[in-house]
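Read off the chains here:
6 protein chains.
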Amino acid sequence: MEQGIYERGLQRLKEVDDIAGEKVIDSLADISPDLGRYVIEFGFGEIYSRPGLNLQQRELATVAALTALGTAQPQLKVHLAAALNVGLSRLEITETIMQMALYAGFPAALNGMFAAKEVFAEHDRLASLQASQH
Amino acid sequence: MEQGIYERGLQRLKEVDDIAGEKVIDSLADISPDLGRYVIEFGFGEIYSRPGLNLQQRELATVAALTALGTAQPQLKVHLAAALNVGLSRLEITETIMQMALYAGFPAALNGMFAAKEVFAEHDRLASLQASQH
Amino acid sequence: MEQGIYERGLQRLKEVDDIAGEKVIDSLADISPDLGRYVIEFGFGEIYSRPGLNLQQRELATVAALTALGTAQPQLKVHLAAALNVGLSRLEITETIMQMALYAGFPAALNGMFAAKEVFAEHDRLASLQASQH
Amino acid sequence: MEQGIYERGLQRLKEVDDIAGEKVIDSLADISPDLGRYVIEFGFGEIYSRPGLNLQQRELATVAALTALGTAQPQLKVHLAAALNVGLSRLEITETIMQMALYAGFPAALNGMFAAKEVFAEHDRLASLQASQH
Amino acid sequence: MEQGIYERGLQRLKEVDDIAGEKVIDSLADISPDLGRYVIEFGFGEIYSRPGLNLQQRELATVAALTALGTAQPQLKVHLAAALNVGLSRLEITETIMQMALYAGFPAALNGMFAAKEVFAEHDRLASLQASQH
Amino acid sequence: MEQGIYERGLQRLKEVDDIAGEKVIDSLADISPDLGRYVIEFGFGEIYSRPGLNLQQRELATVAALTALGTAQPQLKVHLAAALNVGLSRLEITETIMQMALYAGFPAALNGMFAAKEVFAEHDRLASLQASQH
Numbered sequence: 001m002e003q004g005i006y007e008r009g010l011q012r013l014k015e016v017d018d019i020a021g022e023k024v025i026d027s028l029a030d031i032s033p034d035l036g037r038y039v040i041e042f043g044f045g046e047i048y049s050r051p052g053l054n055l056q057q058r059e060l061a062t063v064a065a066l067t068a069l070g071t072a073q074p075q076l077k078v079h080l081a082a083a084l085n086v087g088l089s090r091l092e093i094t095e096t097i098m099q100m101a102l103y104a105g106f107p108a109a110l111n112g113m114f115a116a117k118e119v120f121a122e123h124d125r126l127a128s129l130q131a132s133q134h
Numbered sequence: 001m002e003q004g005i006y007e008r009g010l011q012r013l014k015e016v017d018d019i020a021g022e023k024v025i026d027s028l029a030d031i032s033p034d035l036g037r038y039v040i041e042f043g044f045g046e047i048y049s050r051p052g053l054n055l056q057q058r059e060l061a062t063v064a065a066l067t068a069l070g071t072a073q074p075q076l077k078v079h080l081a082a083a084l085n086v087g088l089s090r091l092e093i094t095e096t097i098m099q100m101a102l103y104a105g106f107p108a109a110l111n112g113m114f115a116a117k118e119v120f121a122e123h124d125r126l127a128s129l130q131a132s133q134h
Numbered sequence: 001m002e003q004g005i006y007e008r009g010l011q012r013l014k015e016v017d018d019i020a021g022e023k024v025i026d027s028l029a030d031i032s033p034d035l036g037r038y039v040i041e042f043g044f045g046e047i048y049s050r051p052g053l054n055l056q057q058r059e060l061a062t063v064a065a066l067t068a069l070g071t072a073q074p075q076l077k078v079h080l081a082a083a084l085n086v087g088l089s090r091l092e093i094t095e096t097i098m099q100m101a102l103y104a105g106f107p108a109a110l111n112g113m114f115a116a117k118e119v120f121a122e123h124d125r126l127a128s129l130q131a132s133q134h
Numbered sequence: 001m002e003q004g005i006y007e008r009g010l011q012r013l014k015e016v017d018d019i020a021g022e023k024v025i026d027s028l029a030d031i032s033p034d035l036g037r038y039v040i041e042f043g044f045g046e047i048y049s050r051p052g053l054n055l056q057q058r059e060l061a062t063v064a065a066l067t068a069l070g071t072a073q074p075q076l077k078v079h080l081a082a083a084l085n086v087g088l089s090r091l092e093i094t095e096t097i098m099q100m101a102l103y104a105g106f107p108a109a110l111n112g113m114f115a116a117k118e119v120f121a122e123h124d125r126l127a128s129l130q131a132s133q134h
Numbered sequence: 001m002e003q004g005i006y007e008r009g010l011q012r013l014k015e016v017d018d019i020a021g022e023k024v025i026d027s028l029a030d031i032s033p034d035l036g037r038y039v040i041e042f043g044f045g046e047i048y049s050r051p052g053l054n055l056q057q058r059e060l061a062t063v064a065a066l067t068a069l070g071t072a073q074p075q076l077k078v079h080l081a082a083a084l085n086v087g088l089s090r091l092e093i094t095e096t097i098m099q100m101a102l103y104a105g106f107p108a109a110l111n112g113m114f115a116a117k118e119v120f121a122e123h124d125r126l127a128s129l130q131a132s133q134h
Numbered sequence: 001m002e003q004g005i006y007e008r009g010l011q012r013l014k015e016v017d018d019i020a021g022e023k024v025i026d027s028l029a030d031i032s033p034d035l036g037r038y039v040i041e042f043g044f045g046e047i048y049s050r051p052g053l054n055l056q057q058r059e060l061a062t063v064a065a066l067t068a069l070g071t072a073q074p075q076l077k078v079h080l081a082a083a084l085n086v087g088l089s090r091l092e093i094t095e096t097i098m099q100m101a102l103y104a105g106f107p108a109a110l111n112g113m114f115a116a117k118e119v120f121a122e123h124d125r126l127a128s129l130q131a132s133q134h
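Chains as they are written, first to last, in my numbering: chain V, 1 to 134; chain W, 1 to 134; chain B, 1 to 134; chain Z, 1 to 134; chain F, 1 to 134; chain S, 1 to 134.
Mixed in with the good hints there might be a few duds.
The list makes no distinction among identical chains, and a pair is therefore deemed to hold if it is satisfied within one copy or across any two copies.
[As the list claims (entries may be wrong)] Lysine-lysine pairs mimicking DSSO-like chemistry, simulated, CA-CA at most 30 Å apart:
1) Lys-77 x Lys-23
2) Lys-14 x Lys-77
3) Lys-117 x Lys-77
Hints were generated in silico from the structure; no laboratory data involved.
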């Protein structure tokens, strides 16, 4: 893919989740940097850069899907943080997760909810850390 | 569950998808009417009647999850029709489905897209039928 | 595996579902007879021949699992017929399927229930056919 | 849902698994108490309170399904403890798990078996603790 | 993505499965041409064009994965045909499918095997058709 | 199954992964030794001892399937080590994992890649340990 898409993807990833995104890419550097590049180029440079849905809708869809699948806890946590970053409220997030009980069963919803609890607590911890530094 | 919840669920189901919802409930009548009752009471009387997400957000989350799971084509079609009914655009729907390629792979996205193609065509057929009747 | 296990498996398969089991084995004859042999030897000659669970418990567990997985409709139908054959009541079967709404979501339970509806109807059809022949 | 169903669900949950059930509900209190309420009301007040299957059959079905799905280890452990509580023998439980090798593959059966090993050990530990206190 | 990748992807797709690939792309033309473009660009222009694995290894991996997942029968059939096209023998294909019984259970292996039976029969039909035209 | 198959399976398991295989069997000894016996007899004595695919092809198929399923991390790690043992290169392994992004989504590929990173590091650690002992 051309250079422009990588740059666009990196930019988009930064809007969505600066810290976690970078951590994933870094952790792939010594095993499969190209997989990291595809996440940026195809994931964020293409899909997340398309018109038709705003970032709040995209993160809501992703939280729903990863909660339902139940096989991607690390990625769900990244996107729970991203969901907060793009402006979804905690209520919108927990309602989305709860709704998955209907489509993927209660264990999926429970495991998604416990992931959200963890991500929200980390978010609070970082916010209070930042507050105390000012 | 009390009577009120059943009534509320039925009302909510009608807002979302009048025809398909009723068809599912009817088809359960002679094998497990209680499963149909739970769909209405717990699914629509509880979850879909909660504040925090509007119906467009709920249907977007459901389309995302059912596309990603790939084990619920009949229910995906019901909710693709519901997504149109509650005002999601075709573009919002196809973008949601396409995004699932990232989280559940291309076959999931392709099978979701072919379901959308079918549901949109049926929607057009019904619309042109109604138009011709006036 | 030794000859005895194949014979024992065939015997066990006949107790569980004479017609459907044979049909599966036959349909594998020209593509992978060994896969059919493993179904009989390992599936029925080993697992279904073990003490510790009776056949009703084994079929109840299988109906639960296949309903929850949602990727094995043909095999679910075979085991729904088998569940009737080993003496589970229709109520026990539909309650097992309904319970899966909790663990795998409503679409899984609904698709399982519609499979049961089909299998029960076929069972009635065969029963009335047999009755009319006497 | 009306008050009665919540009370009935709580009662049913206590019969099935007093400690683990309460822990799940408690851990939801500050993130989504309503999800905990639905587990009690819909899960235990409705489904697990229905006639047609006894609690041993219900737990056997749940152990089968959660082992096969492979995405719900915490919930599988809760229900392995519940299975013991309602009187299923260890042999019935391990046979159910082993049978899942046929329907969901060996990794699912192995991971289920290791969960059972852990739950049985904890059960023994608690039993010996109680014995030493008398 | 730049033009070159689309061309490379189309070329690669033709090597793998000329007819079925084109049919998928065509069927997306009026609902989501971009999804078809991504299949070509990212799927075939990137992944299937990478060094490190030859096309036989790639198709063997794909047949294994799609058989195990059990949610992608249409795509499994496309790749069963592709597996033949790139030179895998029928024995290599059926052994790969059979092996999935270990990792995803017998229903997955059975449904994969019946798909292979269908694809092999269609392959024979086309071959005899071509033979009769000469 | 007869004695010969157990011996053949044990032999085959040793070729594939001496240490990890034995560990799994040992850890089943006090909960379900028969499940361990079936892994050896049916898994290695039957399936992995069949002609038609060599061990490199079998491990490539297994790595692909377990990465795609995403529910079997412990077993994936065993087979990543086995893949190295039977002579697949690290590049062949990481390419197989990366390809799964197409069929099961990026989270499946990422989680598979992180498992490979861990297994490769352990492999290096053992190799440098052995080197230092000479």
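Handout entry: Hints breached by this structure
Key = none
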